[in-house]
Amino acid sequence: MTAGETSPSVSVPRTARSAQLPPIGAGETVNRTSLLSVVVSTLSSLQNAVVPAVLIAFGNFATPSDVAMWWVFGQSSILIGLFVGLLIAGGGAGFSYLSWRRLTYTIGEQDIRVESGVLSRSARSVPYERIQDVSLEQKFLPRLLGLVAVKFETGAGGADDLSLTYLTEAEGERLRELVRDRREGVESGVDKGVEEADAAGTAPGHVRGAEGEALFTMGPRRLFTFGLFEFSLAVFAVLAGLLQYLDSLFDFEIWDVSFWRELADEQGGWWLEMGAYAQALGVALGIVFVFVVGSATGMVRTFNREWGFRLERTARGFRRRRGLLTLTDVVMPVHRVQGVTIGTRFVRYRFGWHSLRFVSLAQDAGSTSHVVAPFAKLEEIGPIVEEAEFHLPSENARWYRATVAYRNVSIALDLALFALAAVVAAGATAIFAPKWTLLATAIPLALGVLDAGVGFLSWRYKRHALEDSQIAAMAGILAPTTKIATRVKLHSVEIAQGPFARHFGYATLHLGMAGGEMAIPGVPLDRAREVRAQVLDTIAATDFSELEGQSSPTTA
Amino acid sequence: MDNSASFDASLAPASPISPSSDDEALTKVDPNYKTALRISVSLTAIPFVIGAFVLEGALAEAGSPIPFGVIIGVVVFAVLAFIIRLPNRRWSARGYDMGPDRLRVVRGILFRSDTVVPFGRVQHIDVDQGPIERALDIATLTLHTAGNHNASVKLPGLKHAIARDMREDIRQRIKRDSM
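Chains A and B supply the protein sequences, listed in that same order. In terms of this note's numbering, the first sequence opens at residue 1 and continues consecutively. In terms of this note's numbering, the second sequence opens at residue 557 and continues consecutively.
So that you can see chain B by itself, here it is in the shape it has in the complex (with noise of 0.2 Å):
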């Protein structure tokens, strides 16, 4: 937590310019990205509930001393708490920032990631849509830079139309840069 005591005394001082303002100017996106992220997880859900059911049956069967429900309850609750609660908090750990010059994108519950690609190296930009995607009207930006490191950058969870308009936006920014 205090960040000065982790510095030698022959080193130099942190700087003293306040990182506070920078968490502020998060846009969040859509509302519709939780339900999407609600549907594909149902959707990989199924199988392991169908498993347990299955587990469940044979295990009966066999005459294991388990009560009958115990694994399905188990597998039941751990999916309700992934489609419910689990969308929400990471829909409100997402954000970005459109700058005028550069794109701030922040993701990550437990591993959080904060990315600034500058509009001048982007290389090109897509917006993609998948099934679900479509029939909520969201749709995926995406940023590719020349670097190793964050050779993309995905933005889900926009507006279609804001997506769209983000990319234009970019584009006409780095043909004006480069005049």
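With the rest of the complex left out, here is chain A (with noise of 0.2 Å):
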């Protein structure tokens, strides 16, 4: 790459590092992910050349009554299909061969060290002390061969987050007792951190040790009602993708109108013949029909996201694990929690069933928190809450409502809205179909009361509490949700008011939360200003480097 680095008298070493990062210190190695996971990704690559191949091969029979055509043509497209088929997959297994090859990866003394990629090298270090957590992930496949994704999350985000792909189950277990052990030594001092990483050394595991204590587990029965609430219609999403997909490939119009048509007059002809009772039979049956799906699609989405879940309280911090086709093992540190926040659905919260979230900078299969307890009653979720240093607002909190002329504002505000919305669509139909204009003035209006309605009763549910060490804030009126801020962990505090709100005396506090947002609407200046002022004073009593260092009372 750069020749003037390799003069003739020094000898460079070819290795697989490139000269973005320091050199390999002593006793670090360079390490290559399973072999095995070459199978994984040729199989995920053959997997995408069976669609393409079947297509090829079977697609192009135009008319299945012509069976000597497809003798003669049909045979020799299964021979193209299976080539095809073939050079995606050999060509799938050739390059995951080569990546295989050129990722590597090296535990250092301060950080982790990745370098990958075929044609253009790229070469990532994510110090110990920034990894927020570290999960294990095990698809289906990889499962049955023994192999596990490592993922290190440091608050980056998604793809900027660094993971190996795969090692076998031993090496990624290892390596992150390992990460878990240089992150504690590199928080509480350099010397400790080498007797701990020592420790690690002699005595494999010693970490692990006993299980966890199980704080919140979901048996067979659990998730069965669960999946009972987790009504899904997705599964008619994905054959409508499907018919759209085949749409492409095959001559088949499903966007025709007349195709339906023709199919409806060939089938529908005795529909049109039964009596009245039974038409309203059959859409009775249909609305069954499609209910059973969803529930059934709920249930087997609950039993392979949920099955054998398990939340532990373990020496450095919460680990969960679930799944049945994928397993997943993620460990989160308790001070890395930032905030929590309880919520529900509609239907389930009559029964009262709540989930709970952590709120902090790592990411959670794409989504910004952490499910802890999916699917939990109040009483399960307390002593969770308790357990990240929370606790659920107390009997006596003093909780605060949003004054009424935020009500009133923002009621105006939407119905203002809403008869634009009226006054737009009754214009355009005035002009250009006049039969229509009754109705589409009225729908809009409608729905504005309705939203109206439905401002009005929130209201009362719009609240916010401030604690010792905590800060509350509840809404919503069919399915209510509450966040829960550590005061001490909040980074900023802004008071905004938009031209009502100053005209009214209310405002909007934005707490700058790290890893997620919480604002309380409609708050009365005198108080925004109080509860800014009692905030500010808890945070500015501790540095942030004092919150990150006190942080593991677990170190010890």
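It should be emphasised that the hints constitute simulated quantities derived from the structure, not laboratory data. On a predicted model such as this, the values are computed, not experimentally measured, just so you know. Here a beta-carbon is modelled for each residue, glycine too, at the ideal position from N, C-alpha and C. Possibly wrong hints are sitting among the right ones.
Unchecked claim - Partial selection, computed: residues in chain A whose CB lies under 10 Å from chain B:
no.: 1; residue: Leu361
no.: 2; residue: Ile495
no.: 3; residue: Gln497
Quick one: dock chain against chain with the hints and give me the complex.
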């Protein structure tokens, strides 16, 4: 690459590492991921090859009745399909092997380094102290081969986070323990870190030791109940997507009205001949069918995602394992929890079911917070919240409601918006389709009135409470959500006011939270200032570095 | 206006703490900030004025009934209002207060925002100067925090020397606090 560096007298060893990172220190080894991961990526490229191959093989018999034609052209097309499939799979395998050869990772004293790339190389270094949590994920196929994907969450989010696919289960576990030990070492002084790392080296697995104390688990019975509330029509969306996919490959016009009309004429003749009762029965059966399919989908998805759900309190933090086909195993340190969110949904709320999430800088499967109890009663959630060094708002917490002016202004603004929509709709229809004018005007207005009603009611549930160590905000009428943040872990406080807010003397309180948002609307100005003053006094008493340092009471 | 009316009888009453002291301690930013705003508004306005002339010319050629100068007049009037009036108001709406352990930044004419950042939560500090700001010897101080909301709090229109002093001041306090 850089010719100037390779002077004849100095022989530069050809290793996998590039010049971008400092040289590897003594005792550091360059590692490769498991060779079996080539098998996994080859198999998944094979999976990608199957669909095109099959479509080429069987896709072009336009008239299935013409058997003779199929015998002539069909067989050769099977061969072509097979060939294309093999080509794709072979290319996939070759590329998988190359990228496996070119990916190395190094466990350093201060950081973990990964270098990868076949044509363009990239090298990434992540310091241990910046790793928010380490999660292990086993999808179905890797799981069969005893492989695991290791992800290091840094709070950078999504694609910027470091992940190693795939390591053997033992190596993944070892790496996780090692990173955790080094991180603790970095945080509590280098000497201690070396000691701990030594200890980890001499007594492997000592940290894991006994299984942590289980905080929350979900058995099949709970999962069944959970599944009942997870009604989902996703399967119909998938079917529609599939149909459209087929549409693009076959001569099958799903958007062509005449196709359906013909189908209806052929199949639907008997439908029209049936009596009204039979038709009503048919509609009812259809609804039941949709309901059954939706419930079954929800059930299957829930079981697949949450099977064997187990949340533990280990020496170093929270550990969550779940999954039927795809196993995931996430560990998050207690001090990284910035806030908690207790949410629910409309129907399950009537039966007292809630969910609990932890807000942190790390991401959990694309979502910004970690679900630690997806489906639980409040009395089960309480202890978990306590473990995270928060507490549910106490009985005698003083709740402050949003102001009446805030309610009235938001209702008025919403109504104005709907009225505007109604005027536009009325104007447009009056010009282009006069007979719809009444309907087009009535719908936005009705929606506006409905919205105003909801706004009126939901105002009663919008409130906040300031307690000694935390601040809680609640909102939502049909499915109330409670957010709790630690006062000391907030980063800024803003009082924002629009023109109406200034006139009526209320404000929105924005709290700067790492990894999440927290805003309390409609707070009277005096109260907003008082809350801000109190929160700021708590914050100013502790520096950010102490916040990170005092972080792990479990280090001792 | 009447805040006490906004509370339900069952809920706690508003706090007796008087907020009036909050607004008095604000420091104004440098008057050069107005000049900087005027210059940048003028630069932004140039295309609009040119557009108005072009439009006017095109309309006149097409023989429109609008008398010559109406569009230009409206645009120029608006631009002048933006150049003369608005920077003054924005300048007087903006203020800051450097406390012993926190910085307060207030801004906005219609939509007001009043942000406080404790020094203990500052991740890093920037002092930026654009070309206009450099000519006028002013600078923008930016405090970065780890929160999602207000990840960076900007305070423009400070005299460059003051901005640098503030940066040093805040930096030292962060250091002292953490020891």
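Evaluated hints:
Contact between A/Leu361 and chain B, as hinted, is supported at the beta carbon level, the nearest pair being about 8 Å apart and thus within 10 Å. Below 10 Å, beta-carbon pairs count as interface contacts, and A/Ile495 has one with chain B at about 4 Å; its hint therefore holds. The closest approach between the C-beta of A/Gln497 and any C-beta of chain B is roughly 5 Å, which is under the 10 Å cut-off, so the hint is satisfied.
Checked against the numbered hints listed earlier, the structure breaks none of them; every hint is satisfied.
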